[in-house]
Structure formats: C-alpha cells, structure tokens
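Novice: Sequence:
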Amino acid sequence: MNCTSARNRLLHHAEPGPLPANVAGHLAECAGCQAWQRLLGQVDQAVATAPVPASNGRVKRRLIELFRNERSAVTPATTSVVVPARSRMRQRLDQLWPIGLVAAALLVGMIAWINLGGKPQDNTTVAQLPPDPFLKDVVAAKVKIDAAETAEQRLRAWSHLAEILHGEAKDLSQLAPGPEMDSLAGLYEQAVGDDALIAQARLLSDVERKAKLDQFVNQLRDAADMANDWAAKAPTGSDRPLKRIANAAAESKAKLAKLQQGRDV
Numbered sequence: 001m002n003c004t005s006a007r008n009r010l011l012h013h014a015e016p017g018p019l020p021a022n023v024a025g026h027l028a029e030c031a032g033c034q035a036w037q038r039l040l041g042q043v044d045q046a047v048a049t050a051p052v053p054a055s056n057g058r059v060k061r062r063l064i065e066l067f068r069n070e071r072s073a074v075t076p077a078t079t080s081v082v083v084p085a086r087s088r089m090r091q092r093l094d095q096l097w098p099i100g101l102v103a104a105a106l107l108v109g110m111i112a113w114i115n116l117g118g119k120p121q122d123n124t125t126v127a128q129l130p131p132d133p134f135l136k137d138v139v140a141a142k143v144k145i146d147a148a149e150t151a152e153q154r155l156r157a158w159s160h161l162a163e164i165l166h167g168e169a170k171d172l173s174q175l176a177p178g179p180e181m182d183s184l185a186g187l188y189e190q191a192v193g194d195d196a197l198i199a200q201a202r203l204l205s206d207v208e209r210k211a212k213l214d215q216f217v218n219q220l221r222d223a224a225d226m227a228n229d230w231a232a233k234a235p236t237g238s239d240r241p242l243k244r245i246a247n248a249a250a251e252s253k254a255k256l257a258k259l260q261q262g263r264d265v
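Those letters in the sequence shown? Residues 1 to 265, by my numbering.
Be a bit skeptical, because a hint or two may be false.
Said to hold, decoys possible - Restraint ranges, calculated between C-beta atoms of paired labels, are given here: (1) G41 to V207: 12 to 22 Å; (2) D214 to D146: 22 to 32 Å; (3) T236 to T150: 17 to 27 Å; (4) P235 to S205: 22 to 32 Å; (5) P133 to D206: 16 to 26 Å; (6) P20 to V207: 23 to 33 Å; (7) G41 to A254: 14 to 24 Å; (8) T4 to A147: 43 to 53 Å; (9) V143 to Q261: 28 to 38 Å; (10) A28 to D194: 16 to 26 Å; (11) P235 to E29: 29 to 39 Å; (12) R263 to Q215: 14 to 24 Å.
To be verified - Subject to a maximum C-alpha distance of 25 Å in a straight line, what follows is the list of computed DMTMM-like cross-link-like pairs (lysine to aspartate or glutamate): (13) K210 to D229; (14) K233 to D146; (15) K144 to D239; (16) K144 to D214; (17) K136 to D214; (18) K243 to D146; (19) K170 to D137; (20) K258 to D194; (21) K136 to E208; (22) K243 to E152; (23) K210 to E168; (24) K136 to E163; (25) K212 to D239; (26) K258 to D182; (27) K233 to D214; (28) K210 to D137; (29) K258 to D137; (30) K253 to E208; (31) K243 to E149; (32) K233 to D206; (33) K253 to D195; (34) K144 to D229; (35) K212 to E251; (36) K253 to D137; (37) K233 to D171; (38) K144 to E163; (39) K136 to D146; (40) K212 to D222.
Keep in mind the hints are simulated off the structure, nothing from the lab.
No residue lacks a Cβ here, since even glycine has one placed at the ideal position from N, Cα and C.
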C-alpha cells in the first residue's frame, strides 16, 4: 500500500476501532502517514469542540474563497491537450506532498482561532496564528515544482518550499507545540530530503554541481543554525521538532557539499 491509498483510507475510517491490517502495517513504517493520522485526529477534535456562534458569514466566505483559490491554482485547464506520460519522479513528488495535509493543518488553526473568539482566554499576550498566505505560498510552491522542466528548476523550487516551511516553523513553534510541529518538521525533512531537493541535485552535471550548489549549501547551513537557535528558546514541545528541522538541514547540506565535490551520496 502506498501513502496516497493509506491516507485516503484514513480519511474514510470514522470508527474509533482498529484499522484494516494493510493500513495499520503501512502506518507502522511510514512517519509521514503517522503525522497525517495525528493531524486528522486534531481536525476531528477541533470540529467536535467548535461552537456555532452568530456570524455575518465573513469568516465562512473567507474560508470558502481560500480553498477555491487553492483548487484553481492546482486544477489544470479544461482545454484538451496531449501531455506526455507522467514520469516516476513526478508521481513520487505528488505522493510526497499532499496538499490536503497543508489544508487540514490550516483548518485546525482556523478552528482553534474561532474557538478563542480571536482573543486569548485570559489577559496574557499570545502569539497570533500563522496568516492565511502560508497556505497560498505552499500551494504556489507546489505548482512551481510540478511545472519545473529541469533539475535545476526543481532544485530551486524545492529549496524555496523548504524556506517557506522553515519560516513557518519559527512562528508555529510559539503557538502550537506538539503534533502540528511534528507534522511541519516531517514536511521539511521531505522537502530537503533524498526524494526531493537532494534527488534534483544528483541529476545535475558535475559542472552544474560546482557552479550551482554553493548557494544551497549556504542556505541549508543558515537554516540549521537558525533552527538550533530557535530550539534553544522554544517552549517545551516545540524544541524537538525544531531540532529535527535543524538536523535535516545539516544532513542535506553535507550531502550537497559532497555532490559539489564530485562525490556520490
């Protein structure tokens, strides 16, 4: 069973009882699907506890418009065209990055904000929820990855997506430690990992590696340093995911440095 099938089965599994054996077996070995399952639990809990306040419909219209924009950004035109068969790499990228996971994460945050009435429950100052543009940025980055025609373009697109997730981690760590941060860390690990950023770097020629990879090595070095610094100052529960992000950035930086030197990784 692949990740797409497992996550679809989890979406349709409303009962609290045991999962089907094939889904449970996949879930036991896949960290990404484990994060998806935790996030589904957060959605269920948030929806179950959400009040139904009087509303002028503004929030509802805003939410509908947000997801309408997302759909229009990723839905192809209806004009009939002849397209080449999708490569195995493209299929793996599609499975690697479920847009629904990002949308669900945003939904959890929005419901939590509605539950608080847009205000803290006491007189203390709290961090604000991540702004809606985060979702739009992620969707736009995913579209760039899918539209990229060369390894260098895909490398830059994955790097840009990693930067978006990296910046969001700083904001989210102050607000939602726990499963949400774990999910974000997992997505960052995938974005800079062997099936994404590193895979594209491997496809570059030796000349391209020497000329192009230096900036990405430096970016990942800075990303690791910043995430370690944030982890040292983060609330309990957010430090571990931030360290995962730091470690992922450091490991990918080391791999890019080896590729730049003409060594295989």
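Novice: All hints are to be evaluated individually against the structure, with a verdict given for each.
Specialist: Outcome of the hint check:
1. Distance hint check for G41 and V207: the Cβ-Cβ separation is about 49 Å, which falls outside the suggested range of 12 to 22 Å.
2. Separated by about 27 Å at the C-beta atoms, D214 and D146 satisfy the suggested range of 22 to 32 Å.
3. T236 and T150 have their C-beta atoms about 44 Å apart, which leaves the hinted 17 to 27 Å range violated.
4. For P235 paired with S205, a C-beta distance near 45 Å fails the hint of 22 to 32 Å.
5. Distance hint check: the CB atoms of P133 and D206 are about 39 Å apart, inconsistent with the given range 16 to 26 Å.
6. Separation of P20 from V207 is about 50 Å and departs from the stated range, judged on CB atoms against 23 to 33 Å.
7. As the Cβ distance of G41 to A254 is approximately 35 Å, the hint placing it in 14 to 24 Å is violated.
8. Take T4 and A147: their Cβ atoms lie about 21 Å apart, and the range 43 to 53 Å is violated.
9. Take V143 and Q261: their Cβ atoms lie about 33 Å apart, and the range 28 to 38 Å holds.
10. Take A28 and D194: their Cβ atoms lie about 21 Å apart, and the range 16 to 26 Å holds.
11. Distance hint check for P235 and E29: the Cβ-Cβ separation is about 31 Å, which falls inside the suggested range of 29 to 39 Å.
12. Between R263 and Q215 the C-beta distance comes to about 19 Å, which sits within the given range of 14 to 24 Å.
13. Of the supplied pair hints, the one linking K210 and D229 is violated, its CA atoms being roughly 30 Å apart against a limit of 25 Å.
14. As the CA atoms of K233 and D146 are separated by approximately 36 Å, the hinted pair breaks the 25 Å bound.
15. With a C-alpha separation of about 31 Å, the suggested pair K144 and D239 falls outside the 25 Å cut-off, and the hint is violated.
16. Restraint check: the Cα-Cα separation between K144 and D214 comes to about 22 Å, which is no more than 25 Å; the hinted pair holds.
17. With a CA separation close to 29 Å, the supplied pair K136 and D214 exceeds the 25 Å bound.
18. A hinted pair counts as satisfied when its Cα atoms are at most 25 Å apart, and K243 with D146 does not qualify at roughly 29 Å.
19. The straight-line distance between the Cα atoms of K170 and D137 is roughly 16 Å, inside the 25 Å bound, and the hint therefore holds.
20. Taking the CA atoms of K258 and D194, the gap is about 14 Å. The hint holds against a cut of 25 Å.
21. With a CA separation close to 31 Å, the supplied pair K136 and E208 exceeds the 25 Å bound.
22. In summary, the hint linking K243 to E152 is not supported, as the alpha carbons are separated by about 28 Å, beyond the 25 Å threshold.
23. Distance hint between K210 and E168 is unfulfilled; the C-alpha atoms sit about 30 Å from each other, more than 25 Å.
24. A distance of roughly 14 Å separates the Cα atoms of K136 and E163; the hinted pair therefore holds under the 25 Å criterion.
25. The suggested pairing of K212 with D239 is violated, with an alpha-carbon distance near 32 Å, which exceeds 25 Å.
26. Under the criterion of a C-alpha separation no larger than 25 Å, the hint pairing K258 with D182 is inconsistent with the structure, at around 29 Å.
27. Proximity of K233 to D214 is assessed by CA-CA distance (about 29 Å); at most 25 Å being required, the pair is judged violated.
28. Among the hinted pairs, K210 with D137 is inconsistent with the structure: their alpha-carbon atoms are about 30 Å apart, more than 25 Å.
29. Between K258 and D137 the alpha-carbon distance is near 31 Å, which puts this suggested pair outside the 25 Å criterion.
30. Between K253 and E208, the direct Cα distance comes to roughly 17 Å. Compliance with the 25 Å bound is thereby established for this hinted pair.
31. For the hint pairing K243 with E149, the CA-to-CA distance comes to about 33 Å; that exceeds 25 Å, so the pair is violated.
32. Of the supplied pair hints, the one linking K233 and D206 is violated, its CA atoms being roughly 40 Å apart against a limit of 25 Å.
33. Restraint check: the Cα-Cα separation between K253 and D195 comes to about 15 Å, which is no more than 25 Å; the hinted pair holds.
34. Restraint check: the Cα-Cα separation between K144 and D229 comes to about 30 Å, which exceeds 25 Å; the hinted pair is violated.
35. At most 25 Å may separate the alpha-carbon atoms for a hinted pair to count; K212 and E251 meet this at roughly 18 Å.
36. Annotation: proposed proximity of K253 to D137 holds, straight-line Cα distance about 24 Å (limit 25 Å).
37. Between K233 and D171 the CA atoms are separated by roughly 13 Å; this keeps the pair inside 25 Å, and the hint holds.
38. With a C-alpha separation of about 14 Å, the suggested pair K144 and E163 falls inside the 25 Å cut-off, and the hint holds.
39. Straight-line distance between C-alpha atoms of K136 and D146 comes to about 15 Å, which keeps the hinted pair within the 25 Å bound.
40. As the CA atoms of K212 and D222 are separated by approximately 17 Å, the hinted pair is consistent with the 25 Å bound.
Hint compliance for this structure: hints 1, 3, 4, 5, 6, 7, 8, 13, 14, 15, 17, 18, 21, 22, 23, 25, 26, 27, 28, 29, 31, 32 and 34 are not met, and every other hint is.
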